Amino acid sequence: MQLFLEQLLNGIAMGSIYALVTLGLALVYGVMRILHVAHAAVYTIGAYAGLYLFGATGSLAVAFLGSMAICAAVGVIIERFLYFPLLKYPPFVPLIGSIAVLLSIEEAARLVAGPYILTFPAKLPFPDVYVGGIQISSGLLAIYVITAAVLLVLWYITTRTELGLAMRAASQDAVIAGTMGINSHAIITITFVIGSATAAIAGILVGIYYNQVYPTMGTVPAYKTLALIVVGGLGSVPGAVIASLALGMAETLLIGYANIPLPRDALAFIAMIGVLMWRSEGLLGSSR
Amino acid sequence: MKWKGIASVAVAVCFVWAGMAGAAETIKIGVLAPLTGPAAADGLSVQNSLQLALERVNAEGGILGQKVELVIYDDRSEAKDAIGLARKLIEQDKIVAFVGGSYSNPTRAVAPIFQEEKIPQVAAYAVHPDVTKAGNYNFRNGFLGKVEGQSAAYAAVKMLKAKRISLLTSDNDFGRELAEGFKSYIATKAGGAATIVSAQVYPMAEKDFRPYLTKIKQDNPDLILASGYYFQTGPTVKQARELGIKATIVGEEGADSPKFVEIAGPQAAEGFVIVTNLNRDDKRPEVQKFLSTYEQRFKIQPDMVGASAYDAFMIIVDSIKRAKSTKGPDIRNAIASVKNFNGLTGEIKRFTAGGEVVKDVQVQIVKDGRFRYLGVVTDPDVITP
Numbered sequence: 016m017q018l019f020l021e022q023l024l025n026g027i028a029m030g031s032i033y034a035l036v037t038l039g040l041a042l043v044y045g046v047m048r049i050l051h052v053a054h055a056a057v058y059t060i061g062a063y064a065g066l067y068l069f070g071a072t073g074s075l076a077v078a079f080l081g082s083m084a085i086c087a088a089v090g091v092i093i094e095r096f097l098y099f100p101l102l103k104y105p106p107f108v109p110l111i112g113s114i115a116v117l118l119s120i121e122e123a124a125r126l127v128a129g130p131y132i133l134t135f136p137a138k139l140p141f142p143d144v145y146v147g148g149i150q151i152s153s154g155l156l157a158i159y160v161i162t163a164a165v166l167l168v169l170w171y172i173t174t175r176t177e178l179g180l181a182m183r184a185a186s187q188d189a190v191i192a193g194t195m196g197i198n199s200h201a202i203i204t205i206t207f208v209i210g211s212a213t214a215a216i217a218g219i220l221v222g223i224y225y226n227q228v229y230p231t232m233g234t235v236p237a238y239k240t241l242a243l244i245v246v247g248g249l250g251s252v253p254g255a256v257i258a259s260l261a262l263g264m265a266e267t268l269l270i271g272y273a274n275i276p277l278p279r280d281a282l283a284f285i286a287m288i289g290v291l292m293w294r295s296e297g298l299l300g301s302s303r
Numbered sequence: 049m050k051w052k053g054i055a056s057v058a059v060a061v062c063f064v065w066a067g068m069a070g071a072a073e074t075i076k077i078g079v080l081a082p083l084t085g086p087a088a089a090d091g092l093s094v095q096n097s098l099q100l101a102l103e104r105v106n107a108e109g110g111i112l113g114q115k116v117e118l119v120i121y122d123d124r125s126e127a128k129d130a131i132g133l134a135r136k137l138i139e140q141d142k143i144v145a146f147v148g149g150s151y152s153n154p155t156r157a158v159a160p161i162f163q164e165e166k167i168p169q170v171a172a173y174a175v176h177p178d179v180t181k182a183g184n185y186n187f188r189n190g191f192l193g194k195v196e197g198q199s200a201a202y203a204a205v206k207m208l209k210a211k212r213i214s215l216l217t218s219d220n221d222f223g224r225e226l227a228e229g230f231k232s233y234i235a236t237k238a239g240g241a242a243t244i245v246s247a248q249v250y251p252m253a254e255k256d257f258r259p260y261l262t263k264i265k266q267d268n269p270d271l272i273l274a275s276g277y278y279f280q281t282g283p284t285v286k287q288a289r290e291l292g293i294k295a296t297i298v299g300e301e302g303a304d305s306p307k308f309v310e311i312a313g314p315q316a317a318e319g320f321v322i323v324t325n326l327n328r329d330d331k332r333p334e335v336q337k338f339l340s341t342y343e344q345r346f347k348i349q350p351d352m353v354g355a356s357a358y359d360a361f362m363i364i365v366d367s368i369k370r371a372k373s374t375k376g377p378d379i380r381n382a383i384a385s386v387k388n389f390n391g392l393t394g395e396i397k398r399f400t401a402g403g404e405v406v407k408d409v410q411v412q413i414v415k416d417g418r419f420r421y422l423g424v425v426t427d428p429d430v431i432t433p
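Same order as they appear, the protein sequences are chains A and B.
Start counting the first sequence at 16; every next residue gets the next number (this note's numbering).
Start counting the second sequence at 49; every next residue gets the next number (this note's numbering).
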């Protein structure tokens, strides 16, 4: 039982990290119907920016806030200069553009910061906690608390503010929302700001948790998050979060109990294939 | 206008001519290494070390009165890139020999090409058996998984006196062979001194080792064999210590990088043991000179990848000198008859008929944040492929 609980805790941490990266993708798909693969590159930039700011100032607060600001700017630039001009083309065109941006940013990171794995030796201010003989290390606790905080803020924004109402309206139908006086493009920009800032938080958390920041750290998230937003229901933020948490736990328990070296990533895609076959709208998506 | 065009063509022809004439005066040795992409750090290690090797050879007057030239291309660690570039090295650059400075996948893809063209390859650190199986023009300066697995078991039982061992190995050819070698040594040669209490395999893309380690913690071993690259064993060791696992952790040459200590964190890294082919405390002056020059010049500690590439290059240079020829078959025969070559990665006793290197396996331990000498495996029973 103790082993099971410990593994479950590991799984929730993994799922929380997935959720933080997937959130931005789900938000963007919601308002723009674009598979924003370059989101994973924004996450990489977030990790690097956080690392440099932390190195320069020694303050994690500066690292988080500065990196969020930088990523928000990068996200908006991608939206303004890549997706917006390409919106009139079929969806695969912006997707190709997005992949190009992902690869370019990866190689740019390599040229600027070097190919080596950089370490992020910061300690988040959380204690080791023991609950009934089970240890929750400070790293795990940090991920739980920060993810919960981010989700709470997002939930508040999307359900309790006028901005959130406008975002939901724009995601349901941008044209109708426009006729109702909602500035759809402004909503899209704000969505990119929120999504990209979340990616920055994810990048820094992952960088500290694994003590690694490197140019290709976005490669696996780039495609895994795609599977996750399909499983969650394209554009559904709660769906993406639930799918992320479920995947994190499923992966961890599978390793803990089955010991077959199934690549973790395979599980996400098996789930995606299953969803596409039997419930194509996803866990929480609406069939439209 | 017309005359100007013709003149410029003529000038261009002259340059090409001059270039070709210049090319004829150097001996070209080709290299493929992953200079970009996920393996770029290893590619850079190869490039830096070969730069030092080249400078040394040319400062000593080159080979057969000619300067040596390195032709290095980026294969991004992709087989599909490597094949085209290997053809280019052979057909356009006219290389006389090849240093395999890349991972197993691209290296095994190009091995048959060099075999067919009768251009000898010495693979620096690619570990897949197929590299040398492509034929007698292919040699390897690194250890096979089986050799390293047996050596790790030898180190675990004979040097570290382990009784209960857990395996956590990577799911690739190297990891699987390493685990096989380790298990067979424990089963047949350890005399019942140790038992393997659990064996887990992790996929190559793994980042989070907590699920595996949480299980290992329950098995309560006194030694863990953790195979993989430094970006896998680094987190493994870090997370193991966070979970309160006290067992000695043993890795292999993949963890042989200063980056390992950084990623695991200096505290957790302390006491971590690896089997590898580079001994940092080697007393020979040329090894110490390489280690210090490298660190001064490139601002990072050298690793076994770079040292292996350096050796592969020097083996080729030495063989061309002994063969007194730049013809492929002559160089191949000279490499095949290498005897007690003084390399950075120890004394290269010889190559087997299958092109595998025979040399001692080094056991290193992290002390004060650096890999230091712990022991050496010389038992021919263990180290002969």
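One or more of the hints may lead you astray.
Stated by the list, open to error - Short, incomplete list of chain A residues facing chain B, as computed with Cβ under 8 Å:
id	residue
1	Asn25
2	Glu122
3	Val144
4	Ile149
5	Ile151
6	Ser152
7	Gln187
8	Asp188
9	Ile197
10	Asn198
11	His200
12	Tyr225
13	Asn226
14	Val235
15	Thr267
16	Arg279
Hints in this document: simulated from the structure, not taken from any laboratory.
If you're wondering where the values come from, they're calculated on a predicted model, not measured in any experiment.
Where is the CB? At the ideal position from N, CA and C, for every residue including glycine.
Determine which of the earlier numbered hints do not hold for this structure and return their numbers in increasing order.
Violated hints (numbers, rising): 3, 4, 5, 7, 8, 9, 10 and 11; every other hint is consistent with the structure.
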